[in-house]
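Asker: So the sequences go chain by chain: A and B.
Our numbering puts the first sequence at residues 1 to 314.
Our numbering puts the second sequence at residues 1 to 314.
Derived from the structure by calculation, the hints contain no laboratory data.
No residue lacks a Cβ here, since even glycine has one placed at the ideal position from N, Cα and C.
Please note: incorrect hints may appear among the correct ones.
Ranges between beta-carbon positions, derived for each pair [what the hints assert, rightly or not]:
id, chain 1, residue 1, chain 2, residue 2, range
1, A, D279, B, K40, 43 to 53 angstroms
2, B, M204, A, G297, 55 to 65 angstroms
3, B, K40, A, G177, 54 to 64 angstroms
4, B, R168, A, T138, 52 to 62 angstroms
5, A, N93, B, H284, 13 to 23 angstroms
6, B, E172, A, R210, 42 to 52 angstroms
7, A, E96, B, V34, 39 to 49 angstroms
8, A, E169, B, R290, 24 to 34 angstroms
9, B, K83, A, R210, 51 to 61 angstroms
There are 2 protein chains.
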Amino acid sequence: MKYGFGVDLGGTTVKIAYFDENGTMIAKWEILTVTADGGKQILPDIAASIQQYIAQKSIDPADIVGVGIGVPGPVNSKGVVNKCVNLGWGVFNIAEELSKLVGFPVKAGNDANVAALGEYWKGGGKGCDNMVFVTLGTGVGGGIVIEGKLLHGTHGSAAEIGHMVISREEEEVCGCGKHGCVEQFCSATGIVRLANRALAATEMDSKLRRCSPLTCKDIFDWGKAGDPLAVQILDQYYAYMGEFLGDICNVVDPEAVVLGGGVSKAGQMLLDGIRPYFDKYVFHAASGARFALASLGNDAGAYGAFKLALDAFG
Amino acid sequence: MKYGFGVDLGGTTVKIAYFDENGTMIAKWEILTVTADGGKQILPDIAASIQQYIAQKSIDPADIVGVGIGVPGPVNSKGVVNKCVNLGWGVFNIAEELSKLVGFPVKAGNDANVAALGEYWKGGGKGCDNMVFVTLGTGVGGGIVIEGKLLHGTHGSAAEIGHMVISREEEEVCGCGKHGCVEQFCSATGIVRLANRALAATEMDSKLRRCSPLTCKDIFDWGKAGDPLAVQILDQYYAYMGEFLGDICNVVDPEAVVLGGGVSKAGQMLLDGIRPYFDKYVFHAASGARFALASLGNDAGAYGAFKLALDAFG
């Protein structure tokens, strides 16, 4: 049996997990992400933590196939990071650098892309060769798996789907500096924005007026309970999501679309709400994609990171 | 040296070409597409034409790697056609069927996808591992090449980019039955539609009013000559194209976007017009894609079809 590590590098903590080649997670732990001084300490800290684990457990280094890492920024298929603003990083080859430090081969990818690979391997996309993963959190991100392989993109920016344009007329600015991005409408914060707009545009009473602060969960909860304004906001949200997912499926034609992130906690209600709009907006021949919920939660990145290394070096 | 055939199956004619493994086109010819009787005769006609050529030229069948074919409808990676309305075809494995008839291994793909592979190999996308090909003709189609391989899609419908939604408010119906598809705005007929709308909406004089029937070429020609209404229509067109191509690049992050079809005859003017809007709408990290014009014209399908066979059996 071979083993390896999956690393999910975030702006606050680094999640590290140890797996066997079947994808069984044997251990997981976290260390802090030290972003001071241009993030210089991050990779040495990760390498030290992995080596410490190997020493403690008396693991034979010959049994380790490699280390995979997901990074919060663009990473191309050669492992070159193209700036991670959160970490203070510029442009360099993270795979080569971490490999030198840790003494094992390293494969790197963008964090959302790598999480997609995790969901493909062991989560909501299990059994699908072609899969699109969409995270609906504070922002909207995702990853695309084609014939079992992650799509990195030429500049490491494949599946930056949160920044597809969905409304050119939008006047508010997206975090990316553009206007009318999917993220402004379809993220957890996007749906709250839609709700606040709807509340301001009408005198209609709604339970949502008593939620302070108003959250994504409130909107789904009160929608489920039949609050008319919440129902109307959700309907608007589902229409945006249907158009958004339809557009992606018209490009990629996947077998499954897997939804993760905070909004996906709404569960089956979310999938059922989006589906009729998806069917309306997608090209008929690409309409066969099934919808599923992500199932690995915060571990998707570690699973996917290890899978990346396993595919490359296993 | 090995050789093979590339077949571009259209609704009116079948283009057949004979290549060497370097991609030199040695001969090309056409036969009629006989769509009568559910298109039963099409594959036997293609097989007979290829066998006749082999006999005439005294080619050793052992030198033939295989036959590739592009089909006007969805084809998955296993060669299963999912209805070609133009040809009267239902669902069947065209690769297996044609292989039995012609006596060589056969690989099949959707015609626009296959043309993309041709442009990738020998045309406007030469030298790019990741490429998006967009045909702007009567309709809008395309194909996506990722790490040198064609993206077929689970249902054979990858790159049905002409049916991404670009304006949900559109009331006219697209050929596909939906509303607001890219094809309604970005095709050669789409730009004429935009122009006719603009002409109806204003009293403004324009050379375009004297064009009957008004064509895509007229709009570019008069735009180039500085006709103010034509300039305004082109600007609107470029904005739609910029949004459309930006959205695709946010999904795929290619190295190059290659434009073909009738509209692309406008040449560099088209690329220069789209670019500023593309830069406005695309996510910054995916903005590095270069634009190029298709260069193989009607031969792209035959080149790509042979390349498909060469990759599979060569």
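Asker: Does 51 to 61 angstroms hold as the CB distance between K83 (chain B) and R210 (chain A), or does it fail?
Answerer: About 53 angstroms separates the Cβ atoms of K83 (chain B) and R210 (chain A), which means 51 to 61 angstroms holds.
Asker: Cβ-Cβ distance between E172 (chain B) and R210 (chain A): within 42 to 52 angstroms?
Answerer: Given a distance of about 44 angstroms, which is inside 42 to 52 angstroms, the answer is holds.
Asker: Looking only at beta-carbon atoms, does the pair M204 (chain B), G297 (chain A) fall within the given range of 55 to 65 angstroms?
Answerer: holds (58 angstroms)
Asker: Check the following: the C-beta atoms of E169 (chain A) and R290 (chain B) are separated by a distance inside 24 to 34 angstroms.
Answerer: holds (29 angstroms)
Asker: Between the beta carbons of N93 (chain A) and H284 (chain B), is the distance compatible with 13 to 23 angstroms?
Answerer: holds (21 angstroms)
Asker: At the C-beta level, are R168 (chain B) and T138 (chain A) separated by a distance inside 52 to 62 angstroms?
Answerer: The hint (52 to 62 angstroms, Cβ to Cβ) is violated, given that R168 (chain B) and T138 (chain A) are roughly 26 angstroms apart.
Asker: Taking the Cβ atom of E96 (chain A) and the Cβ atom of V34 (chain B), is their distance within the range 39 to 49 angstroms?
Answerer: Violated, at about 59 angstroms.
Asker: Hint says 54 to 64 angstroms; check whether the CB-CB distance for K40 (chain B) and G177 (chain A) agrees.
Answerer: Holds, at about 57 angstroms.
Asker: Do D279 (chain A) and K40 (chain B) keep their Cβ atoms within the hinted range of 43 to 53 angstroms?
Answerer: Violated - the Cβ-Cβ distance for D279 (chain A) and K40 (chain B), about 33 angstroms, lies outside 43 to 53 angstroms.
The structure does not agree with the numbered hints 1, 4 and 7 stated previously, though it agrees with the rest.
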